[in-house]
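Just so you know, the sequences run in chain order A and B.
Quick note: the first sequence uses our numbering, first residue 1, plus one each step.
Quick note: the second sequence uses our numbering, first residue 1, plus one each step.
Quick caveat, the hints were computed from the structure, so don't treat them as lab data.
Where hints are given, some of them may not hold.
As the list makes no split between identical chains, a pair holds if one copy fits it or if it spans any two.
As a list, the in silico DMTMM-like pairs of lysine to aspartate or glutamate whose alpha-carbon atoms are at most 25 angstroms apart [claimed, not checked]:
no.	residue 1	residue 2
1	K312	E567
2	K312	D542
3	K553	D579
4	K541	D401
5	K413	E429
6	K572	D558
7	K572	D542
8	K561	D487
9	K312	D233
10	K406	E429
11	K553	D487
12	K406	E567
13	K312	E357
14	K541	E357
15	K312	E534
16	K413	D558
17	K286	E429
18	K312	D401
19	K286	E117
20	K561	D401
21	K413	E534
22	K541	E229
23	K219	D280
All figures in this text were calculated on a predicted structure; none of them were measured in a lab.
2 protein chains.
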Amino acid sequence: MSGQSKRTRGSDRTQTVHGLLRRYFPILAWGREYSSRTLLNDLIVAAIVTVMLIPQSLAYALLAGLPAQVGLYASMAPLVIYAVFGTSRTLAVGPVAVSSLMTAAAAETIAAQGSPEYLGAAIALALISGLLLLVMGLLRLGFLANFLSHPVISGFITASAIQIAASQCAPLLGIRADGHSFLDVFVSLARNLGETHPYTAAIGLASLVFLFWVRHSLKPLLRGLGVGERAADILAKAGPAAAIVTTTSVVWGFGLAAHGVRIVGAVPQGLPRLALPPLDPALWTKMLVPALLISIVGYVESISVALTLAAKRRQRVDPDQELVALGMANVGAAVSGGFPVTGGFARSVVNFEAGAETPAAGAFTAAGIALATLFLTPLLYFLPNATLAATIIVAVLSLVDIGALKRTWAYSKADFAAMAATILATWAEGVEAGLVVGVGLAIFLHLYASSRPHIAVVGQLPGTAHFRNVARHTVVTDPEILSLRVDESLYFPNARFIEEFIHEAVAANSAIRHVILECPAVNVIDASALESLETINRRLKDGGIRFHLSEVKGPIMDRLKGTHFLEALTGKVHLSQFDAVSSINAELARRTLQARRL
Amino acid sequence: MSGQSKRTRGSDRTQTVHGLLRRYFPILAWGREYSSRTLLNDLIVAAIVTVMLIPQSLAYALLAGLPAQVGLYASMAPLVIYAVFGTSRTLAVGPVAVSSLMTAAAAETIAAQGSPEYLGAAIALALISGLLLLVMGLLRLGFLANFLSHPVISGFITASAIQIAASQCAPLLGIRADGHSFLDVFVSLARNLGETHPYTAAIGLASLVFLFWVRHSLKPLLRGLGVGERAADILAKAGPAAAIVTTTSVVWGFGLAAHGVRIVGAVPQGLPRLALPPLDPALWTKMLVPALLISIVGYVESISVALTLAAKRRQRVDPDQELVALGMANVGAAVSGGFPVTGGFARSVVNFEAGAETPAAGAFTAAGIALATLFLTPLLYFLPNATLAATIIVAVLSLVDIGALKRTWAYSKADFAAMAATILATWAEGVEAGLVVGVGLAIFLHLYASSRPHIAVVGQLPGTAHFRNVARHTVVTDPEILSLRVDESLYFPNARFIEEFIHEAVAANSAIRHVILECPAVNVIDASALESLETINRRLKDGGIRFHLSEVKGPIMDRLKGTHFLEALTGKVHLSQFDAVSSINAELARRTLQARRL
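Can you build the whole structure from these sequences, using the hints too?
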């Protein structure tokens, strides 16, 4: 952080107990202003969000290969903890689709779905992920999330969403699909399509059509019927709950479970017991990388949602404290038997649009889910898995962003390559491989691009003090002077390129006596580039050529002053390219004059 | 490649048979002008270099854990092949210290020193390394070498040189040293110091003192005695040969081999037979990464020597063709029973200073070594290993660059960290770990640094059109306008930082109605940054703030024109920061006026 932000943050960092408390417990700030009006408002919001969250929580638990109640557990403690530590007023944390998929992918490497070891691995993932986020927050390592470039994260989410949607076709149609990678699952689905279970498929497809209709057409319809904007919005979000109530009643009423429709079955009633996940070092070692990836992907989604919502009301979100809050929320999820959670887009938007004013709304939502866990789970017995599958498919398909692929292709082929590689690797080798390949390729392509910066040979625009690319403008050049403008910072990926460029340019033209490097776009000169500049200077000197710099920025000049380079430089550092050329010409003229006199 | 270089190279790329032949066979260029005068000169140079190379070749073979003759084999075919394919007139290829150490480190993972499998692995390394270099050259992948930043390569060479010198203390003193890592060897040496073999140590230390004296004091002494500059230089380089002749005679004359002085022993007479190394897929898979690292480290050393020497005579070196030439040289080394080679600094400088004019000098040197292999090997029987150890120690200690550590520390802590990590990892875990850690850390620190660019809040210098940092200058600012200058390209490592910076700055000041981002130092806007700019624009719009850009470079503007961003932008793109502020003020004034009129 620098500039204004550094000063603003400086005050937060005041190392008084009071300052630290306010920094790490944002609840102390908003809690003080909490009024009975806010309380009533937050309670209403909580009721709305609870209705939306129950089906989502169950569905994502099944997506993660876990018992349904684990989804409810993961939607209680994290919400309360986030209310204490979070800086966003409206973020709603809980299980989300992509991290549920990542949880399943990681836990499957430990044990088979349904085993206690599988559940233990999922809970351990939440704990490790929580601790990693906490450490990142306390050490201010949030920048690690930057390594996930937009195209990589966008490609990853699109690939994951399509993979999730495909995998959910199995419960939706009542068929089996095997395999870990998307390709395996896809082939297996296509092969088993003939075994579709008619009742299950009827329920699943009806739910799917209903949910798509709710999402796309219910709100305009309600508005047309004279329902208010906000009420229409909220009613439309209750679609999944309505689908669950209806299909559960149908399965119960017609006894479809006896006809082979798979149902959720007995969900244990009551709140989770507090416990630690297995502290097996071998398990932790294996879960470390998946937990790191889950943390970073979750954080990127969460902070982006938080900033977007905060901006609408000009509120502040502290990215480092958000890491702490998400870390604590995940630790809370783990000790209360849940799996990894993060700030989700859909649930946060509902929370925001329903009018949440403080994180207390989240805590009340947790209370709502606790009540449901205590009293409503018997009602979920006949809930068909196909309905939950339909809920997931509708939710994740909204994450698929084909437009982003097109836009990226049009804007930058390198970014598109990273995006496409992420998608293909995710499908072929799984979520971890997808992220690693994408991040690796993005870094590689970035270094590759900066390894061959744009270097223009420049000349003077006649009658002005301006210098422009000789290839684009009609300019005046001096055969003895080679003026080069490099449009990139000078650092290790391109240091040798610049050496070779100048070597080549000078070897190709024996008239050259001066080389001037114009540096207005050079923001950094690292140790590699400094050494290259020294080498260029020495080699040019060996060839009887003087080396100059021009338009070097202040901070770079400050650093160069401490080095041997400026002493060794055969030419000078000029304030502007015009000064450089003028002073060289003046010197040449003076020498010619002296030579004539002698 | 761009600008002038692109045009210059364009002609090389002419896809005629003639052009291709000249490109890939530089011998066709210099061979045509070859005269009897050049021939005589090159023959004299070859005689001088041969005398220097024989001890070096033997010593580096022993350093690589190989039989002495392998060093001679590696100094024949590669020199001839480089003469055909190389673009440097004076580069001398052969075994060098660092790649010999790397060869030993890799081959030791396959088999014990002295076994045929160990030799096979070393030869396979040369072949794989050669093929990799060839592919890199043909596909123009030389930029891969850029990933080795100067501090990393410098740290690596210093660490390797110290490690080599330490390991050679064992043969120098006639003691044993075990272990793979430097730390193991060091501990083992210290423990066995009591078992020093007196005769061996006497020969070793005497050679060491003599060679140091030759290197530092012989040349001034000879010059004082009236010997010419060049002759003094050449005589000083013959030091190792003199040490070998003397100590071999002493060992033979006094029968010291019977007293336990270890000698080279029987070296097979005659030229190597052409053969392929073992084509075992498991061996190749294991040798792939070491071969890649040997190739890149070798290439970096070689191209740097070639460019430095070429610059002294304003000759040209083509970095891509150098990859081809080194690749062919290594393939040649492999099929003639040698181990990895590269362009060495010491031998190339001797070649240059002795007056080599064409690569033919190298070919004649190869002939000289061939003659030695045919007729002189019996004379090497009594050559003590201690003398070769002394030769290696003196040679490698000149590679240790403690000054570079100090300079890097003073100039850049990040670069120093990469350097120190390379050294420590090389010593603790070996050469491959050292390079991987160094490169990884350098890339990480680079991304870290660019993840938090300098962003200045700027204001207008009173009475001028210039805008400067508010923290450094007395400037005029408008409370409704936030002007920011970002001193870095906008791309994924910093895209989110800029989002957060603007979010923070705007949330901290509710008076702001316009944000202007001044972009004179922005050389690139990648897809991540574009998305961040769109997000910033959308969030500012939600908060009732307009977003402007100023001083956007032409090529960036060209790319932005194809995107949705410019349409969505709530403000404008202004030519200069002054234009931006003026036009916003003009609009504000017009509105105020309109409001008053109404």
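Cross-check of the supplied hints:
1. K312 to E567: Answer is between: at 21 angstroms across copies they meet the 25 angstroms cutoff, but 55 angstroms inside does not.
2. K312 to D542: Answer is between; shortest inter-copy Cα gap is 5 angstroms, intra-copy 62 angstroms.
3. K553 to D579: both (15 angstroms within a copy, 23 angstroms between copies)
4. K541 to D401: between (56 angstroms within a copy, 23 angstroms between copies)
5. K413 to E429: within (23 angstroms within a copy, 39 angstroms between copies)
6. K572 to D558: within (15 angstroms within a copy, 35 angstroms between copies)
7. K572 to D542: For K572 and D542, the Cα distance is within 25 angstroms only inside one copy (17 angstroms; across copies 50 angstroms).
8. K561 to D487: Both ways: K561 and D487 sit 22 angstroms apart in one copy and 20 angstroms across, limit 25 angstroms.
9. K312 to D233: Cα proximity of K312 and D233: one copy only (18 angstroms, versus 76 angstroms across).
10. K406 to E429: Intra 24 angstroms, inter 46 angstroms, cutoff 25 angstroms: intra-copy only.
11. K553 to D487: Classified as both: same-chain Cα gap 13 angstroms, cross-chain 10 angstroms, threshold 25 angstroms.
12. K406 to E567: between (52 angstroms within a copy, 18 angstroms between copies)
13. K312 to E357: within (13 angstroms within a copy, 73 angstroms between copies)
14. K541 to E357: Between copies, since 21 angstroms is at most 25 angstroms while 69 angstroms is not.
15. K312 to E534: between (52 angstroms within a copy, 15 angstroms between copies)
16. K413 to D558: Classified as between; 15 angstroms across copies, 38 angstroms inside a copy.
17. K286 to E429: both (17 angstroms within a copy, 23 angstroms between copies)
18. K312 to D401: Classified as within; 23 angstroms inside a copy, 57 angstroms across copies.
19. K286 to E117: within (13 angstroms within a copy, 36 angstroms between copies)
20. K561 to D401: For K561 and D401, only the inter-copy Cα distance (22 angstroms) is at most 25 angstroms; the intra-copy one is 50 angstroms.
21. K413 to E534: Between copies only: 19 angstroms across, 35 angstroms inside.
22. K541 to E229: For K541 and E229, only the inter-copy Cα distance (22 angstroms) is at most 25 angstroms; the intra-copy one is 75 angstroms.
23. K219 to D280: neither (50 angstroms within a copy, 67 angstroms between copies)
The structure fails hint 23 only (numbered hints given earlier).
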